[in-house]
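Chains as they are written, first to last, in our numbering: chain A, 2 to 155; chain B, 2 to 155; chain C, 2 to 155.
Read the hints as simulated data drawn from the structure, not as lab findings.
Computed list of lysine-lysine pairs in DSS-like fashion (alpha-carbon distance at most 30 Å, straight line):
#1 Lys51(B) x Lys128(A)
#2 Lys128(A) x Lys128(C)
#3 Lys51(C) x Lys128(C)
#4 Lys51(C) x Lys51(A)
#5 Lys51(B) x Lys51(C)
#6 Lys51(A) x Lys51(B)
#7 Lys128(B) x Lys51(B)
#8 Lys20(B) x Lys128(B)
#9 Lys51(C) x Lys20(C)
#10 Lys128(B) x Lys128(A)
#11 Lys20(A) x Lys51(A)
#12 Lys20(B) x Lys128(A)
#13 Lys128(B) x Lys128(C)
#14 Lys20(A) x Lys128(C)
#15 Lys20(A) x Lys128(A)
#16 Lys128(A) x Lys51(A)
#17 Lys20(B) x Lys51(B)
#18 Lys128(B) x Lys20(C)
#19 Lys51(A) x Lys128(C)
#20 Lys20(C) x Lys128(C)
#21 Lys128(B) x Lys51(C)
Sample of chain B residues at the chain A side, in silico, Cβ under 8 Å:
#22 Ala22
#23 Ala38
#24 Val136
#25 Gly142
Computed Cβ-Cβ distance ranges for the label pairs, DEER-style:
#26 Gln11(C) x Gln9(B): 50 to 56 Å
#27 Gly124(C) x Thr102(B): 37 to 43 Å
#28 Pro17(A) x Ala121(B): 47 to 53 Å
#29 Glu125(A) x Ser87(B): 26 to 32 Å
#30 Lys20(B) x Leu60(C): 41 to 47 Å
#31 Pro17(A) x Ala10(C): 33 to 39 Å
#32 Ala49(A) x Leu60(C): 22 to 28 Å
Here a beta-carbon is modelled for each residue, glycine too, at the ideal position from N, C-alpha and C.
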Amino acid sequence: MDLQAALQAQGLTLPPAPKPAGSYVPAVQSGNLVFIAGQLPFDNGVVAVKGHLGADVSLEDAQQAARLCVLNAMAVLGAHLDGDFSRIERVVRVGGFVACTPDFTQHPAVINGASDLLVALLGEAGKHARAAVGVAALPLGAAVEIEFLVQVRG
Amino acid sequence: MDLQAALQAQGLTLPPAPKPAGSYVPAVQSGNLVFIAGQLPFDNGVVAVKGHLGADVSLEDAQQAARLCVLNAMAVLGAHLDGDFSRIERVVRVGGFVACTPDFTQHPAVINGASDLLVALLGEAGKHARAAVGVAALPLGAAVEIEFLVQVRG
Amino acid sequence: MDLQAALQAQGLTLPPAPKPAGSYVPAVQSGNLVFIAGQLPFDNGVVAVKGHLGADVSLEDAQQAARLCVLNAMAVLGAHLDGDFSRIERVVRVGGFVACTPDFTQHPAVINGASDLLVALLGEAGKHARAAVGVAALPLGAAVEIEFLVQVRG
Chain A
2 MDLQAALQAQ GLTLPPAPKP AGSYVPAVQS GNLVFIAGQL PFDNGVVAVK
52 GHLGADVSLE DAQQAARLCV LNAMAVLGAH LDGDFSRIER VVRVGGFVAC
102 TPDFTQHPAV INGASDLLVA LLGEAGKHAR AAVGVAALPL GAAVEIEFLV
152 QVRG
Chain B
2 MDLQAALQAQ GLTLPPAPKP AGSYVPAVQS GNLVFIAGQL PFDNGVVAVK
52 GHLGADVSLE DAQQAARLCV LNAMAVLGAH LDGDFSRIER VVRVGGFVAC
102 TPDFTQHPAV INGASDLLVA LLGEAGKHAR AAVGVAALPL GAAVEIEFLV
152 QVRG
Chain C
2 MDLQAALQAQ GLTLPPAPKP AGSYVPAVQS GNLVFIAGQL PFDNGVVAVK
52 GHLGADVSLE DAQQAARLCV LNAMAVLGAH LDGDFSRIER VVRVGGFVAC
102 TPDFTQHPAV INGASDLLVA LLGEAGKHAR AAVGVAALPL GAAVEIEFLV
152 QVRG
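Given these sequences and hints, build the entire structure.
So this is what it looks like as structure tokens:
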């Protein structure tokens, strides 16, 4: 699995690993599990997609936000692994939070933006269990926040 | 522990394992931990309990929704374990999401529908840590979504 | 690491471990990971901070609620470890839920109340990955709920 080549094939590049939005650390490893903190759709240092699904954010923009969360998570994971992405064994779990109105129901479609990209980048190793829910609001007004649990080797 | 006998004693049968609502997989095992994706209250292929607690869903219907989430999770776990439920060692964690209005406060009572059933089916092995929260909305309009973390042997 | 001395230095004492708000257990250990159930800001047996950020709860009161969640979690962990806090190896993950209005955006500042206290009490071992989100409502009307994942030795 060559994550950099897979990114290139998608026309994507990893951003610098984002700084945490609060007093925590971006990733903690316990055994061979890496817990990656909740990622926001940062792009060039700003939250790129703000608002609520069902009100002022389109499904397409929210899916793009979910993809940005993946790129930021991969940047965090790369920093944690000293750039050695070959140590990724499996994305175990994805927790997706979608800021939305009470009548919004397409949370799976939003978080598919992240899930599909993980599989495009990592193949079988990108297939994960998932929970997707709709929340009242997210940090900095983001439309999407996603946390990741990844099994690594070595 | 004989899950099938315990189900029978409760007058329950397992549904077929539900298909994921998005591009993820129903369960991922890492070491001896099985991460089961967020389950909705599917019954015969449709979400049986839709709406928001505090508005248009009764506590009793929501507790029944929570029980349906357990049955679907057990179906997923059964498929993962090739039907060998004797490999269940412990339900470790339950994450319960309740779609609700801002003034609703009885989330524990809703998710007790799931917790009580897990203990009825699995005894001591069914006792878990839990977080229960109230969210703006859930996939497909479901009133309840629950994810499960289960320790298995072998 | 001497948690009791660190508490004393902060002028804090641990409360009795709170009883679960539903039919679950306060903590479950799997391998060397202890999953602590979602903690509410209980103080002397009552939820001390109720309401919604963005409406009727100040940032300062919510940060105090987050600190109460940590104290209750440490009480639960102490009971689980038979009082031997030296077995704490690392706080791995914190999941913070903030009851809020749709326009609230300072969830990180709220949950920093918990994160800062963990680091003050445990030093490097208190540094964790984190997800912080804003939800519609929480059990018993609490303004904040936090769950904790802690790696222990022995």
